[in-house]
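Student: Listed below are the residues making up each chain.
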Amino acid sequence: MKKFLIAIIFLIPIIVFVAIQGTSSVIQAWAPPVNAERIEIRDEFNKNIGNGKLVMPRYAYDGSDGVAYIYINVYPSIAFSDEIQYTVSEEENYRGECVMEKVDNSKYKITAKKSGDVLLRIFSATNDNAYKMLNVYITSEYINNLSIYSQNQEGSQKHEEGAELVFEYDMKLYAFANPIEAIGENVIFWKTENEDIALVDANGKITPMGVGRAKITATVKDKTNTEHFTFVFVNIYDNVIFKRLQVYLKRDFFEKLDEWEKEEYIFKNLVVENKERPIEYADVELVENDKDTYIYQVRGSQIVIELIDQDELIITSEYLSDIYLENGGYTLIVNYKDFNAKFSNNIAYYVSDNKILEIRNGLIIPKAKGVCHVYAKDIVTQKKTNSLKLEVKERPLSFQLNYTNMDNQKGIKQQRVWALNWLDGDKLKNTYNLGIDQATLYPKSANMELVWQVDDTNLAQIDQKGNITFKPESVGKMVTVTATVLVHNILTEMQRCYTFEMVSDPNAVNVYSKDQFIKAVGKGNLDMAAVLQSDLEMQKEKLEITNSIYGNGYMIKFAYDENSGQNDKALAVYGRDLSEKTTSLIFENFTIQCSDEFKNGQDKGNTIFIEDVPIPVIVRNIIARYAWNAIHLVDDKDVTVVGSILGNTGFAAIYFGYSYYFEDRPKDNITLKNIVFRETGCASLITVPRSIKTDISDVNYMPNIIIKGFIDSYNWKNLEEIDKMFRAFDASMFGDLAKIKTVIDNLMSELLTNILKDEQNSKIIYIDENEELWISMNMFTLGINPYIDSDSFILENKDIFELTPVYLPSYVINTLKFFGSKYELRNPCYFLIYKFDKENGPAIKPNDACPENEELFSRLRG
Amino acid sequence: MNNIVTLLKMEFLNRFEKISIKGVKPVLKILITLAISAMFFWLILKGSGYFFRMFNKAGLAYEALVIYFTGAFLFLLITNISSTIKVLYFKGDNEILMRFPVSGWEVFWAKTIFLLIIQVALTSLVSIPLLIAYGQQVNVTASFYVSIPAVILFLVFIPFFLSNVLAIPFMHISNKIRHHYSFIILALTIVVTCIFLIYTLIFERIIVYIRDQELFSVFEDKTILIISQAIKYLIPTKYFAGIMLGEFDVTRVINRETMVVTVGSTRTMSYLVLAIILELSVIGSYLVIKKLYRKTLLSNIEAEGSAFKKHTKIKRRSEFSTLIYKEFIQVFRSINYSFQYFVLACSMPIMAYFCNRIALSIGMDNIGNKIIPGLTLMVMLIFNTIIVSFSATSTTREGSKFYHTKVMPVPIHKQLFVKFVMYALVSFLANTITIAIIILTKQMSTDDSFVFMKPLAIYLISIMISSGLTLIAMKMDIIKPKIALSGDGELTDSNSNTTTIVLIGFILSLLFGVAGMLIPYLLGVEFEIMFYALALFALTFLVFSLLFYFIRLKAAYNKIT
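Top line first, the protein sequences correspond to chains A and B.
The opening residue of the first sequence carries number 5 in our numbering; numbering runs sequentially from there.
The opening residue of the second sequence carries number 45 in our numbering; numbering runs sequentially from there.
Calculated from the structure, these hints are not laboratory results.
Any given hint could be a false lead.
Said to hold, decoys possible - The calculated lysine-lysine pairs, modelled on DSS-like cross-linking and capped at a C-alpha distance of 30 Å, are:
1. 448/A to 101/B
2. 101/B to 136/A
3. 346/A to 219/A
4. 6/A to 526/B
5. 195/A to 279/A
6. 266/B to 111/A
7. 176/A to 279/A
Stated by the list, open to error - Calculated Cβ distances over 10 Å to all of chain A for the following chain B residues:
8. 169
9. 225
10. 330
11. 336
Since the structure is predicted, the reported quantities are computational estimates derived from the model, not experimental observations.
The beta-carbon is built from N, C-alpha and C at its ideal position, and this holds for glycine as well.
One chain only, chain A, in its complex shape (with noise of 0.2 Å):
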């Protein structure tokens, strides 16, 4: 009996693996199409990479074009389509290139077309949102393009080849190639053309021997073994009047010379050559002395002579401090202090820890990250020289900051705002760290020193940690940030930016929480506008706000339960709540959702309720689903809801309810241009009376419903679902017929269906291949008592829609005249219904998946 129980138990899993795999393939085969959620990309060693890098050789071992694959999961795995696809960065500092093609199932194979860094934004191709980042780095053995740069105590600079340079003292030399890792354990070598004019030692620091103009040259071999060099220009000009400012020389030497063998030691040994302008022998003249320094002058040049008693060994290489691994090598030159002494060939070097570097012949081969000290010292002699403390660090080949340009990718606008202030505390500030993405740092241990710079310091200004203070000047304008990789003091060519778009209302605040949202936003707080910069979880809030909302593409969650309602706002906008400074509302680019989906929502809360607001208010690129209403108006003067998908709704996407016009009350205007409505329950635009007066009869309500672009319909009902249609209506906007309204349902149920059927209006029916007749529910407006003046309906392109009235037959107005109702009933309803052609059927036919892809967002921007 125990091993029959334990060989049970050991099936659980077993059973239930198979149990989850059947009920997929039913899901998958039954249930209506599913968008991708989320994607996830791992390498070759199926480690996750998606947000992170990859790093692939530019050449295969056979010459061909190198190539890495990636594995590609879309999740869910019932999703739809696993399509993915992808973009690449435009951006001048990402210098590699690659395309992305897939061999089978989720593998996609990488292949590199020109060396360095590359960024991929890969996404579902059903669901843009569902998207990850790639870095990929294109190693290469080959040296692209070799650098000078020069630098001095001002700074750096990077010159071409041939370019033509002014000596000063202190200026030294940096050859810099690209790609970096082509160079391997190469030494980069310094040779000057013309040694009578100036000599470059092994660091590339200059030493002026004449007036004149030296070719220089850095010569370095790639790891393929091919040899690149580049050269610029020294001009010496006849300022420059000696090879060193400072010199020692040995006390008893000097001291021996009289006045006159001073200067012409000077002159013979330490007075550059100039061929033009000779220096003479008189020139030289001593300026002051004391026991141990004399100073003399020629021309205005002043050279201090240091008179040393014993003779010193010292590293003359001295500016080393910092150096890189595989960066074309270094040397540690070591001479004597006596200007006189010969170099000596008996040096040994001492390093204090070996697995940083070791030192042969001079030359340093840094091994690994980390600090040691060296010192040389003479064998025959004995002499040690100081020490020199070196740090050996690892320059970075590719880095991205915490945001990069293609993830202003966002929503449908496909952008990404800033607001000048951030929430500290309680308390507002206008800075803001960008900071670097550490996951995509290569190599990882790299040592990132970074300057960072804007673009216009007159709308931001930023420290070297990287924190920006945005200035008031920036709002409505872009800021670009800057971050370049500092090598030896240089800036290289490795640089990453970033340009935040300021959004044009200054009273406006970046939000990353539900309770910064609620702080920013809400009703008796600090009445600014909101920017999401993160997606934020609203729980079960009801939440009236007072100022816009700037989405960048987020999702404002909610998590309504059985507890929420049909009457429940999510976001409510009261006109009598808004200040005097708020001239207009924006709502745009983002998605909000009263719970996690359709059939959970479809009869709790409203994801935007506007009422009675006065200003004008625009709704744009939002996708508003999973409630009962998308959106809801009550007398609001002028909204606009553009560029959004609304829908997957209990009852309606859009919802008007609007006061009577009477005589002198202007119209109110609302403008739809270029809509999606997903399914809902009823039709997608609703239009009933605030409330209905049971003693005023044809009078208008419609507010002027303009419609412009286009509109994509996926709202189609076949005849059972226009039988339910009607029974979501509340019973309280009819007045005293709201005792009948179960009959008031069917007779419009009836109505509706006999529509369908009658064969003149066969052009707004679409018969598929089930033989099943669908129609295209757009809009319901509620006549019966209220009259709807049709020129309130403002169509732009009435090829596409119908208007088409429906008056109630007499045998319905009868039926209710018998229970009850005391007026005419003589008004029409309104049916906003979709056209297309018979021969070709509509474009969005029943049951169609609605892909949130680029595609439909571009159109959507119009």
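Start from chain A and add chain B according to the hints.
Tutor: Just chain B now, with coordinates in the frame of chain A:
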């Protein structure tokens, strides 16, 4: 010799009954047994194929074989110790055999040969498909297949002889602790839970491996290094792998670098080591048996049946309390029954939690969040079935004391009610702890908040189904009891009632679970409506169970003679 053969035949007859090919039923039984064996063979071949392929992908082919041999070795050692103790010392027929004109040695050899034959057969049945699967997945030479018989023989004989050495000490230990029932239950719970946990983790890795189309190693670099290091200490089982593979090169990718590593030990060394171990265990076994077998056998027969002595005061209790106490003690003081019931009930919360965790991870990736309630319900019902299966032997377990139940002055309904209460109480506790863990670990939450209503709803359905199944199981056992009158009276073999109730329970679990997963997607209804529907079905099932139980209950009970 004849006596040994005769005794051997008797052992086979006792265990397997006479095999007859006359008549449809016996032939059918043989065919079904063969079919099940073939299916078992195929399952092992397939399952182990995935297992070895997964390890091979990570460069752990050698380690996988060592892990198998270690598991098999430990399993055989434990079962051999248990079998040895049971067959050689505790078997009820020992009393009878000692009175026959056969020597103790003849009894010993007959039983020993019997055990060996069974072990060789079972080990071959499991190992051969497994090793064939290994050979299919890993690049092995012909000597791998040639060494299979040798490995099986080593695998059987070494544990066998070791078990003979260890059986007597184990018996003494078990005699010492056999009355520490709480400790035994706790220890067994921990062991069962740990084994299940390891199994589910491996299973999850296999699923990930299959789902990723077998492209990746499912082991992290760190895990590969830990496994490869740990294997070195598994003596003597690594030498079994040594016999089959010798020194073996494997390719591993660590920190994205590919390296070839030589693992294993030479065949010569492996044979030598195992031969030495075998020899030592034979010698040890001989010495132990020679000196101690008869003595232990006789002392055990005297001691058999009495676990411990305890002087207690006579307490006056109500009928209900007395009966429930008796039910509890009957299970509590039997290691067999404790394992079948209490241990599994105690393990259920942890096992259900881990099983659910893995299922949810697979389910949500495949389908989405809406699957959570249905899947959790299915997992809970499945584990409930395991616990409930014990009640399918509620009458059978009375054994030779069954007749007491008929003559005692307590109505049958009350006696059965007491049994039901005990099963319901344990099931209730197990379910309550399970659901508490699910709630506290936010396992059913999609946004990391505490969720109460859904788990409680599932809990309610589980309780109803569990109660219904318990009633059905009890009634089935009353209708067709399998009372054991010989031996020590304990029910150790599985019976058809248990199998049937497990089957019914699994079918119900799948029906409810799959319905719970499908309804939100296909019908688009909310959890509430789905819950009401499933609760209604559960209630209907409970009502049906009650009717099934109560109708003609007394008549069925009285029919048992």
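Student: Now tell me if each hint is right for this structure.
Tutor: We went through each hint and held it up to the structure:
| no. | hint | result |
| --- | --- | --- |
| 1 | 448/A to 101/B | holds, 27 Å |
| 2 | 101/B to 136/A | holds, 28 Å |
| 3 | 346/A to 219/A | holds, 26 Å |
| 4 | 6/A to 526/B | holds, 17 Å |
| 5 | 195/A to 279/A | holds, 23 Å |
| 6 | 266/B to 111/A | holds, 26 Å |
| 7 | 176/A to 279/A | holds, 25 Å |
| 8 | 169 | holds, 14 Å |
| 9 | 225 | holds, 16 Å |
| 10 | 330 | holds, 30 Å |
| 11 | 336 | holds, 27 Å |
Violated hints: none; the structure is consistent with every hint.
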